[in-house]
Each structure stands twice: as C-alpha cells, then as structure tokens.
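Q: These are the residues of each chain, in order.
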Amino acid sequence: MIIDINFIGLIIASIMASAVPLILASCGELITERSGVLNLGVEGMMIIGAISGFALMTVTGSLIIAVFGAMLAGVLISTIFAFLTQTLITNHVATGLALTIFGIGISAMIGKNFVGIPGKEFPVLFEGLKDTIPLLGPILFGHSIVFYFAFALPFITSYFLKKTKIGLIVRAVGDSPESASNQGINVRLVRYACILYGGSMSGLAGAYLSMIYTPQWIENMTGGRGWIALALVVFSTWNPIKILIGAMIFGGLTIIQFHMQAIGVRIPVQFLTALPYIVTIVVLVVISRDSRKIRLSTPSSLGKSFHKDN
Amino acid sequence: MNTNLKISNVTKIYPGCVANDNVSLEFNSGKIYALLGENGAGKSTLVKILSGVIIPDEGKIYLNENNLKLNSPLDAKKNDIGMVFQHFNLFETLSVFENLIIDSDEERESLREKIDSIMRKYNFSIDLDIPVLNLSAGQKQKVEIIRCLIRNPKVLIMDEPTSVLTEQETSELFLSLKKFSEEGILIIYITHKLKEVMELCDEVAVMRRGKLVSVSEIKNENIESLANKMVGQNLKTIKKKKEKTSSDQLINIINLNFISEDPFETNLSDINFSVNRGECLGIAGISGNGQSELFQVLSGEIISDKNSIEFNKNYIGDLNPQERREYLMAFSPEDRLEQAAIPQMAIFENVALNNFKSSNFFNNGLINENKIKEHSKKIISDFNVNTDNIELKSQFLSGGNLQKLIIGRELITSPDLLICFNPTWGLDVGAINYIHETLIKINEQNKSIILISTDTDELLKLSDKISVIHKGKLSKIMNADEVTSEKLGILMGGGN
Numbered sequence: 021m022i023i024d025i026n027f028i029g030l031i032i033a034s035i036m037a038s039a040v041p042l043i044l045a046s047c048g049e050l051i052t053e054r055s056g057v058l059n060l061g062v063e064g065m066m067i068i069g070a071i072s073g074f075a076l077m078t079v080t081g082s083l084i085i086a087v088f089g090a091m092l093a094g095v096l097i098s099t100i101f102a103f104l105t106q107t108l109i110t111n112h113v114a115t116g117l118a119l120t121i122f123g124i125g126i127s128a129m130i131g132k133n134f135v136g137i138p139g140k141e142f143p144v145l146f147e148g149l150k151d152t153i154p155l156l157g158p159i160l161f162g163h164s165i166v167f168y169f170a171f172a173l174p175f176i177t178s179y180f181l182k183k184t185k186i187g188l189i190v191r192a193v194g195d196s197p198e199s200a201s202n203q204g205i206n207v208r209l210v211r212y213a214c215i216l217y218g219g220s221m222s223g224l225a226g227a228y229l230s231m232i233y234t235p236q237w238i239e240n241m242t243g244g245r246g247w248i249a250l251a252l253v254v255f256s257t258w259n260p261i262k263i264l265i266g267a268m269i270f271g272g273l274t275i276i277q278f279h280m281q282a283i284g285v286r287i288p289v290q291f292l293t294a295l296p297y298i299v300t301i302v303v304l305v306v307i308s309r310d311s312r313k314i315r316l317s318t319p320s321s322l323g324k325s326f327h328k329d330n
Numbered sequence: 222m223n224t225n226l227k228i229s230n231v232t233k234i235y236p237g238c239v240a241n242d243n244v245s246l247e248f249n250s251g252k253i254y255a256l257l258g259e260n261g262a263g264k265s266t267l268v269k270i271l272s273g274v275i276i277p278d279e280g281k282i283y284l285n286e287n288n289l290k291l292n293s294p295l296d297a298k299k300n301d302i303g304m305v306f307q308h309f310n311l312f313e314t315l316s317v318f319e320n321l322i323i324d325s326d327e328e329r330e331s332l333r334e335k336i337d338s339i340m341r342k343y344n345f346s347i348d349l350d351i352p353v354l355n356l357s358a359g360q361k362q363k364v365e366i367i368r369c370l371i372r373n374p375k376v377l378i379m380d381e382p383t384s385v386l387t388e389q390e391t392s393e394l395f396l397s398l399k400k401f402s403e404e405g406i407l408i409i410y411i412t413h414k415l416k417e418v419m420e421l422c423d424e425v426a427v428m429r430r431g432k433l434v435s436v437s438e439i440k441n442e443n444i445e446s447l448a449n450k451m452v453g454q455n456l457k458t459i460k461k462k463k464e465k466t467s468s469d470q471l472i473n474i475i476n477l478n479f480i481s482e483d484p485f486e487t488n489l490s491d492i493n494f495s496v497n498r499g500e501c502l503g504i505a506g507i508s509g510n511g512q513s514e515l516f517q518v519l520s521g522e523i524i525s526d527k528n529s530i531e532f533n534k535n536y537i538g539d540l541n542p543q544e545r546r547e548y549l550m551a552f553s554p555e556d557r558l559e560q561a562a563i564p565q566m567a568i569f570e571n572v573a574l575n576n577f578k579s580s581n582f583f584n585n586g587l588i589n590e591n592k593i594k595e596h597s598k599k600i601i602s603d604f605n606v607n608t609d610n611i612e613l614k615s616q617f618l619s620g621g622n623l624q625k626l627i628i629g630r631e632l633i634t635s636p637d638l639l640i641c642f643n644p645t646w647g648l649d650v651g652a653i654n655y656i657h658e659t660l661i662k663i664n665e666q667n668k669s670i671i672l673i674s675t676d677t678d679e680l681l682k683l684s685d686k687i688s689v690i691h692k693g694k695l696s697k698i699m700n701a702d703e704v705t706s707e708k709l710g711i712l713m714g715g716g717n
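For the protein sequence lines, the chains are A and B, in the order given.
Numbered according to the numbering used here, the first sequence spans residues 21 to 330.
Numbered according to the numbering used here, the second sequence spans residues 222 to 717.
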C-alpha cells in the first residue's frame, strides 16, 4: 500500500477538525471555571447551539445569522444557569446537570422538523493554497473561519488570563470572591459575564458540529463531547494550551481508531472506542502532575456559591 | 493637612443582635486611636461600616466635615480610607504584583516604581513576582499595607493586625504605624490585646455589646482599668502555682518524623520530647511551622511509626484517634467548627460523636438518646456552657461556649492527657479566663497537657515546660520560668 503524503495531511486535518468543538467548549468553560463557577451544562448548551445553528440556517438561509444565532442561543440558555446559581444561589452541580438534561430535551423537540434535511456548504478559506505545499497544505488551508478561530482561541485565552486586567479580575474572583468583593469588584457581574461567555463558546461548538463538521441535524449529535470538554478543563488544570494538546489527542485517537476498525485490527471494538477517553485523561494527568502548579491554577472557589451579606 | 473623621450616631442591627448601638466617635490625624473590645463587641462591624463593606441602618460618617456615602468598598477607597482586614483580603494564587495592580488604575511601570519607593521608604522587602501563598503572615500584611499606601490614604484602619504576627514582626509593624502617623495619616487600631494598646496608641475607645463605653487618653489608663471596662466587671487574674511536678513519665515521643506529600504542609523531623504526669508542655511557634501536622500526628489523624509514641508504657504510634481515646488521651483541635464539632448537628449529637466504645450511648447499633442527653446536660452545667438547649445546632454557639463544650466533652471521660491546639483562639477575655482555669485545674489533678499555641502569653501562663517549633523542628525543652517572651520570639523566628 502506498501512502500519499497528502493523505497523511488530510488525516491530520480531520483530527484537527474533530478537535475544534472540544477546544471551543473547553476554552469557554475554562473562563467560567476560572471565575469560580462550575457549569456542568456544557453538553446541554452545545446541543442547543447545534440545533439553533442548523435551524436558523435552514429557515433564514444565512450562515452568519445561523452562527451568531447559535452563540446567542448558548448565551440565553446559560443565562438561565447564571440566574439560578448567581442570583438565586442554587447549587452549581445540580443546576448544571439540569441544564444538560433540559438542553438535550428541548433540542430534540425543536429538531423534530429538521431531521433528514441536508445542510448547506460552509465556505472555506484559502482553498486554492491547499495543493501548494505537500503535507502542510491540507493541514493549514481550506478550512472554515470557525476552525481557525478555534486554534487561535487557546492562545487568546491564555493571553487574556495572564496579561489583561479583566483576566486578572476573573482569576481574582475565582481565587477568593470574598476578597474580590471587599476590593470593590462586583463578583456577581464578573461571574455572570464568564458564564455567558462560556455559553456562547459552547453554542459555537454545537454550531460547528451541525453546520460544518457533519452538516445535518441528528438527535443527540453532540454525543458526550460536552462531557469530554469538561474533563479536558479539569485534567488540563485550567491551562488553555494543555486543553489544545488534550483535544488533539482525543480527536486523533477517535479518528485513528476508526481507521483501525476499518483496517480490521484484532482489538475489541469496545476497547478501541474507549481508547481516546482513557489515553487523553492519562496523558493530561501525567503532564499536569506538578502539585504546586495545580494549586496555583486551580480556582479555589470553584463550585462554591458566593453570597454577599450586608 | 489635618484629617478629621467623625462617626455620628451609627446603628446597625442584625436579627437578634444590635451590632452597633448609636455609636458616635471623633478622630483627628496625628494620633493613633485604639478601638478596644471583646469579640462581638461591635468593633469589627464599626470599621466595616467605615470601609464600606457594611452599610449602617442609621447614622452618618463625616470626613473633614463632608458627609460620606459609603455604599461599597470602592466608595471608601475613593474617599481615602484604607483598611487592612484581620483575615487578609489577598488572592493567594496571584502574584504580589497582580494583587496590587488589580484595583489600581496606574500603568504597570509607574505602579512598580511607586511600590518600590514605598518599600524603600518603610524598609519592606517583598518579592513582587511570587504568589502570595508563599509569603509569611507578616509579609502578607505588608502587602495589604502597601495596597493601602499606594492610594495615599488619609485614614488607615488596622483590624486586629497582630493576631498572626511574631513579637518581632509586631514591633516592626508598630514602628511603621508610628511613622505613618507622623506623616499625617489617621490611624485606627482595632484590637482586644491590652498590652498593644498601652504600647502603641494615644487614645482609646472601648466598646462593649455594640455600645461605646468610654473614650479616654492612654496616659490615664492602665491594663487593669482597660480590661475591666472591656469586660464590664472586675476580672480576677489567674496564675498557675508552679510546683514541682512528678517525674512519672506519661508520654514519650521518640524520633518522630513525618514527611508530607502536600507541598503546602510542613514536614516534621526528629521530634523528641516527653511529658510527665501533672505537667503542661507548651509548644510555641508562628502558625504554619508544623503545629497542625504535629497535632495530627499526636492525635492519630496521621498515623506514624508504632514505636514513635509511647503512652503510659504502650506503643501507640499506629493507632487512630478513636483507639487512642481508649488509652485515655483526649484532643481539642484548632478549628472548632471544622474539626472539633459538626456545625449542623445538635449539641448532644456532637457530644456523642467522640464516645463510641467506652460509653453506653449505643446499644446494638441504636442510639440511646436519653443517656446522651443526660450526659450532655452534665457537660453543659459542669463546664459553664451558656445555653440550656442541648438540641441547639452547635453552629449557633459562640466560639467561647463551643470551646467549653468541646473541652468539657473531652474532659468528662477524665483522660490522662489532653492535647489542645490554640484552645483560646479568637475567644473573648471571659472565655479565655475560664478555659485557662480549666486547664490549670487539669494539671492540679495530676493529669497532663500538651498545649500547642501561637499565643505566647498563654503559653507562659500555663506551661511548666516550653519548646518552640520552627519549620517542623522542636527547639530544646526549657523550663517555663526561665523563658521570656522575647526569647520565645527569637526562637519562633528561627534564631538561637
């Protein structure tokens, strides 16, 4: 069998494409968690984004409206979460789980009319450059704008947290909401903003799935990616660059195990399917072992409600 | 320029408690003011009102004749009122510089220069680029002070600033505060430590139960007069009769080591000491030098080598706390609500918790509630716990009452050895006195105490022998009457 070098490039590109929704949702959730809020509703927000994007695309015909509409849908559903956890001070874990269940249910209901409708082609950038460089061409060029955004996002997120004042405030709130409040920072406002941002990124991740990755609506099409995104955040110890690594490993193993199954490698299918989950977590645990660094990057107030009393 | 701060008829009412009852006070720059009172006297509420954290129900604040609206901490900052909180308001995982820049509007470079010049002026030396959690308590406090000074405050409020400092750090702080005062900053110093008031302040306001009791000049007061004003009654001074203790050894710690996997804990190395019957061994030290680890090893929360602890001729290093209790050891941990008691459970349930085997509280797995309640009532009356409702959740007891309950629960089984860790931390004078009397009484009954405490005065008052723990190592054991607090301070700082 002769393997074309461009074929390898295509495999790598498909790995990267499958990592896109994970990176988007994880980087969004990372900001939410850095402010001390644990939102387990990522899966629900993603699927809402997926159906909203697909439905808006079908109804309006506009891809731009569809993409931003999906983000807005993510924002709206996360507003419910924000209102419950920040204003009514409900428990983060329970509320997040409820959000996921709610999202899956409502997306299936809306989605009924959209099953079986073909999607639209999403424009790609630099299509012409694809064949100019061997191997790198298919990796670098011919992808959607969302794809490029996703791969820039971990670096933007890292810069935002480390170098900007607002990033500093987000970290401060996650470290100690009491101190932040005593310093005159509006903790509730910061947390609302971070939750809504996380919602918009999950919405975008969902839209990527239903509009670009597999352009169609299938019930429950996120298939647990929201949970993987959540795990990536924790096992990367809240480090955006490690999220990128984790998402690539996960995406890579998912694609490779498909190919292995296709070739007919004699390993039980169940084991192959489980492989990405196991390897990703093991690798992230190994590269994030330094307990000092864990302590420094873990938001101390994660999942704890903050109530300012007067 | 002169600064004049006036508090006028301030009242703050919480459900079931009047925290500030019509308090009026006036301060002028150039002097250091003490605000003195027991826990719950309302002094913290008052300064939180001044710093905008709490909004009063009634009353006004004037700074240089201007009526201030302090609805948030930001308002206080804008009006040049700076405050250093008792529990530091720092972000542990952020660097020192990040902590300082977060509420400043200045550019990085100019802020850095400003911080450097403040540090040079007052002789502070702190690495700006390490995370705050690596700083000592004294350094953290300096970061808080710098944070206030950046804004050139007119008023600087210090809330119980010395509760975490060593003697040396305290005297450094006092020098700085005097310097600030000379430069025209109005200083309000909140404390319940009378010695500090006498040493540092020019005027003193005493609060009791939300009310302002007196305002006077320090030169007209002494420690006894202030103590009586603070408590509202004449306090008897307690003193331990230092007698020759027996030479009958009760507990012997032999080459005890503990290496922690958590980098934020302290390792213990080569701990050796023994305590005789009827003796109190005090262990001094700045918090975070291995006290908590030592307590856990002694109580069996951390299990060590079997032969490293010999108690009453048995080797018990590998036993858990429950098994150690069977050998008549008793424990009073540092954190009353986190470690010693379960806040959401009733008093009588908490009493039952540490008496599994030897008591007849449980029959065939069922709770004998009557028996437990009877027992709890006895503890409450024997140990002066100020409640008659044993079904009250323990979180509603005041610190002093809860500590009495915990010590009572431990002592009612009449143990041979009581190990306590900061038993009077955060308590008011009355409760402290009671606990001290109780501890002295235990020694008089020929029972022993290991007292791990960060309060040097307490240690000197109660101990027969004293050792100092520094970075997980014990100093040599000294006779308490040969030690001074200065000497302890030096050892606590790592000197010789």
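Hint data in this document are derived by calculation from the structure and do not stem from the laboratory.
These numbers come from a predicted model, not from an experiment.
Glycine residues also receive a C-beta, built at the ideal position from the N, C-alpha and C atoms.
Among the clues, some could well be false.
One side of the interface only, derived from the structure: several residues of chain B facing chain A at Cβ under 7 Å [unchecked claim]:
(1) P236
(2) V274
(3) L295
(4) N310
(5) T314
(6) D324
Q: Taking the hints in turn, state whether each one holds.
A: Outcome of the hint check:
1. Among the interface hints, the one on P236/B is violated; its C-beta lies about 11 Å from the nearest C-beta in chain A, farther than the 7 Å criterion.
2. A least Cβ separation of about 6 Å between V274/B and chain A falls short of the 7 Å threshold, and the interface hint therefore holds.
3. The restraint placing L295/B at the interface with chain A holds, with a minimum CB-CB distance near 3 Å, inside the 7 Å limit.
4. Residue-level restraint check for N310/B holds (minimum Cβ-Cβ distance to chain A is 4 Å; threshold 7 Å).
5. Given the 7 Å rule on beta carbons, the hint for T314/B holds: about 5 Å separates it from the nearest Cβ of chain A.
6. Against a cut-off of 7 Å between C-beta atoms, the interface hint on D324/B holds, since the closest Cβ of chain A lies about 5 Å away.
Checked against the numbered hints listed earlier, the structure breaks hint 1 alone; every other hint is satisfied.
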